[in-house]
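Each chain, written out:
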Amino acid sequence: MGTGDLALQYLLSGITKGSIYAVVAIGFNLIYSATGVLNLAQGEFIMLGGMVAVTLAHYVPLPVAVAGAVLVVTLVGCLLEWSLFRRLPNHSVLHLIIVTIGVSIVIQEASLHIWDEKVRSLPYFTGNEVSSIHLLGAAISPQVLWVLGTITVAVVALHGFLKYTLTGRAMRACSANPEAAMLAGINIRNMRTLSFGLSAGLGALAGCVISPITMTHYEMGAPLAIKGFAAAILGGLGNPMGAVAGGLLVGVLEAVSVSRMPAAYNDVAAFVVLLLVLFVRPHGIFGLPSGQAVREH
Amino acid sequence: MKPNAISLLFSLLGSSLLMVVPSATAANSGPIKIGALFSITGPASFLGAPEDKTARMFIEKLNASGGINGRKVQLVVKDTGGSPEKAVSFARQLIEEERVCAIIGPSTSGETMQIKGLCEENKTVLVSCAAAEVIVNPVAKYVFKSPQKDSQAVLWIFKTAKAKGITRLALLSSNDGFGAAGKKQLEDLAKEEGMEVVVSEVYDKQATDLTDILTKVKSRPGVQGVVNWSIVPAQSILAKNMRQIGLNVPLFQSHGFGNLRYVQQAGAAAEGIIFPAGRLLVVDELPENHPQKALLAAYKKEYESRYKEDASTFGGHAYDAILIITEALKKAASTEPEKVREALENLKGVVGTAGVFSFSPTDHTGLDMDAFEMLTVKDGKFTIYKP
Chain A
22 MGTGDLALQY LLSGITKGSI YAVVAIGFNL IYSATGVLNL AQGEFIMLGG MVAVTLAHYV
82 PLPVAVAGAV LVVTLVGCLL EWSLFRRLPN HSVLHLIIVT IGVSIVIQEA SLHIWDEKVR
142 SLPYFTGNEV SSIHLLGAAI SPQVLWVLGT ITVAVVALHG FLKYTLTGRA MRACSANPEA
202 AMLAGINIRN MRTLSFGLSA GLGALAGCVI SPITMTHYEM GAPLAIKGFA AAILGGLGNP
262 MGAVAGGLLV GVLEAVSVSR MPAAYNDVAA FVVLLLVLFV RPHGIFGLPS GQAVREH
Chain B
7 MKPNAISLLF SLLGSSLLMV VPSATAANSG PIKIGALFSI TGPASFLGAP EDKTARMFIE
67 KLNASGGING RKVQLVVKDT GGSPEKAVSF ARQLIEEERV CAIIGPSTSG ETMQIKGLCE
127 ENKTVLVSCA AAEVIVNPVA KYVFKSPQKD SQAVLWIFKT AKAKGITRLA LLSSNDGFGA
187 AGKKQLEDLA KEEGMEVVVS EVYDKQATDL TDILTKVKSR PGVQGVVNWS IVPAQSILAK
247 NMRQIGLNVP LFQSHGFGNL RYVQQAGAAA EGIIFPAGRL LVVDELPENH PQKALLAAYK
307 KEYESRYKED ASTFGGHAYD AILIITEALK KAASTEPEKV REALENLKGV VGTAGVFSFS
367 PTDHTGLDMD AFEMLTVKDG KFTIYKP
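Residue numbers (our numbering), protein chains in the order written: chain A, 22 to 318; chain B, 7 to 393.
With the rest of the complex left out, here is chain A (with noise of 0.2 Å):
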């Protein structure tokens, strides 16, 4: 392999890497963005996903298990917000974080009852596990295209929601200023538990388009999370496309120091790298200090 086709094949497999981190932090951005709460049982809507979808696939055509799961862990999500969180309107921020903590656990150890302790993972989309694409020089398996069409696809969706529909304005409004938001007549309440069902599902989606490569298991989940977290960081919380480049970012990161150093630092090289950004910019790479944010509205 010559060394263009090399750092290609680094690259993709950062992008791949970096495309499932950037669907978690969206998740937490969208949840943050309208509620100021942190879900940190992001990585479990992953997992639901991936496990529903393979329990589905047992019985109907792989699409339809996939759709099925979606929709499912949405309304776990929407059920989520609307049995806790709306239940808690006058507790800290803080304490909704640590009930987020406390829905990560249960949903994990039920998932454990409900299915078990191995492994599963959904077949391939195109191809089989031994399948793979030659592309300029650098090969990849079939599915990791489906997990960067899926996730551009979600993204440019969400973007368009988020800017274009009625829904989607009434939800930003409401993570800008509630109360003004409250005052023409949205109701808050209800877009908070649409940000919950839409986060659930677009974890729930990468759940089931990463489970041919990545496997699921009820334990994926956290380490899917504190990635994801890592990323909405490095972006900028509140921001679903600062997302997307903070979870590249890291993931390429990943990749670079693999290819430079020995694996075992690869964690170390991008949570330096995280460090430092905040050192220089605390608010992320694309978030605007809260400040400023709240002179802009």
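Each hint should be verified, as a subset may be incorrect.
[To be verified] Derived, one-sided and incomplete: chain B residues facing chain A with beta-carbon distance under 7 Å:
{"id": "1", "residue": "S51"}
{"id": "2", "residue": "T214"}
{"id": "3", "residue": "D215"}
{"id": "4", "residue": "T217"}
{"id": "5", "residue": "I219"}
{"id": "6", "residue": "S225"}
{"id": "7", "residue": "K246"}
{"id": "8", "residue": "Q250"}
{"id": "9", "residue": "G273"}
{"id": "10", "residue": "A275"}
[Unchecked claim] Pair by pair, the computed Cβ-Cβ distance ranges are:
{"id": "11", "chain 1": "B", "residue 1": "V145", "chain 2": "A", "residue 2": "Y80", "range": "53 to 59 Å"}
{"id": "12", "chain 1": "A", "residue 1": "P82", "chain 2": "B", "residue 2": "P393", "range": "39 to 45 Å"}
{"id": "13", "chain 1": "B", "residue 1": "E198", "chain 2": "A", "residue 2": "G148", "range": "38 to 44 Å"}
{"id": "14", "chain 1": "B", "residue 1": "E66", "chain 2": "A", "residue 2": "H112", "range": "48 to 54 Å"}
If you are wondering where the hints come from, they were derived from the structure by calculation, not from laboratory data. C-beta atoms are modelled at their ideal positions from N, C-alpha and C, and glycine is treated no differently.
Start from chain A and add chain B according to the hints.
Below, chain B without anything else, positioned relative to chain A:
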């Protein structure tokens, strides 16, 4: 699913409830208590879950046939979730509160190394179900293990590789106890065996994608084969990623690959993987007069009809661990630690699932090179490797 839930509940409840029960096991009547530490849940659950099931099955059968020297055996199982910290606290609990006469497990090497000293200090016989050589080398008086040594696995892999004309290897291992111990054995023995290690990398035990590390392997000229040493799901991911990025050299795995589940997860990418393992996985191919054939066939049949899942060598390690302890207890005709230990150390020719055990004061594994067979994957099934 169900046994997990129950054992989880037990391990939670057990810690609070059983503390108030005064221990009466030091007496020479009543059931003999044997402790078990298995990672029934968590990342090493594919080790702990079959071990737990096997152990319960074994004890049930033993008690049905009258127990040991007329006394029933009670198994106290704790789920460590694969965490060394939990293993230490549960081991303390088993020794100090439950006053068990011996402990089997833990499932992983990392956990075992954490409690090795503890069992030695408290003079409690430990028969680990984990494979790393460091568990029994240097020998600790009270610590034994039932799986084959990892150095034997390494030697088998190198021997097979050499026969295929492969001398330049890439070594990959996971960052847990098993991976770290294997990496050391691989690197040390490579020198002695004249193998050249081109690149040696460690990956996270929860890794979900290994294309970047494999790209690095691919970029190093002259790699003729890859040896992977781990017990985590990454074993399947690695096999898939290798084929996907077009790294088409033979893949050798450790004896940690002996679970059909990994083959299923890796699908077509598992074909041709070569690894050393006990004979349980290929019992049908063994000649009728093989000393292990009858025992292996019986265990496999019993396990599979009872739990409706494929038997793995890992469950076999728990089978062997209990077998060894019960044999020692029978021979010692006592539950006194020193006597049990001495009886265990002098056991000879005990046929188990991993091989024929013959212990000595210097050998606390009791298995020789013959306990391994090189296997490969063909049409989604394990079969004996024929060069």
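So, going through the hints one by one against the coordinates:
1. S51: holds, 4 Å
2. T214: Holds. Min distance 3 Å.
3. D215: Nearest chain A Cβ about 6 Å off; hint holds.
4. T217: holds, 4 Å
5. I219: OK, holds: B/I219 within 7 Å of chain A, min 5 Å.
6. S225: The hint holds - B/S225 has a Cβ within 7 Å of chain A, the shortest such distance being about 5 Å.
7. K246: holds, 5 Å
8. Q250: Constraint on B/Q250 satisfied, holds at 4 Å.
9. G273: Since chain A brings a Cβ to about 4 Å from B/G273, closer than 7 Å, the hint holds.
10. A275: Because about 4 Å separates B/A275 from the closest Cβ in chain A, which is inside the 7 Å limit, the hint holds.
11. B/V145 - A/Y80: 53 to 59 Å: Since the Cβ atoms of B/V145 and A/Y80 sit about 54 Å apart, the hinted range of 53 to 59 Å holds.
12. A/P82 - B/P393: 39 to 45 Å: holds, 43 Å
13. B/E198 - A/G148: 38 to 44 Å: Hint holds: Cβ distance 42 Å, inside 38 to 44 Å.
14. B/E66 - A/H112: 48 to 54 Å: About 50 Å separates the Cβ atoms of B/E66 and A/H112, which means 48 to 54 Å holds.
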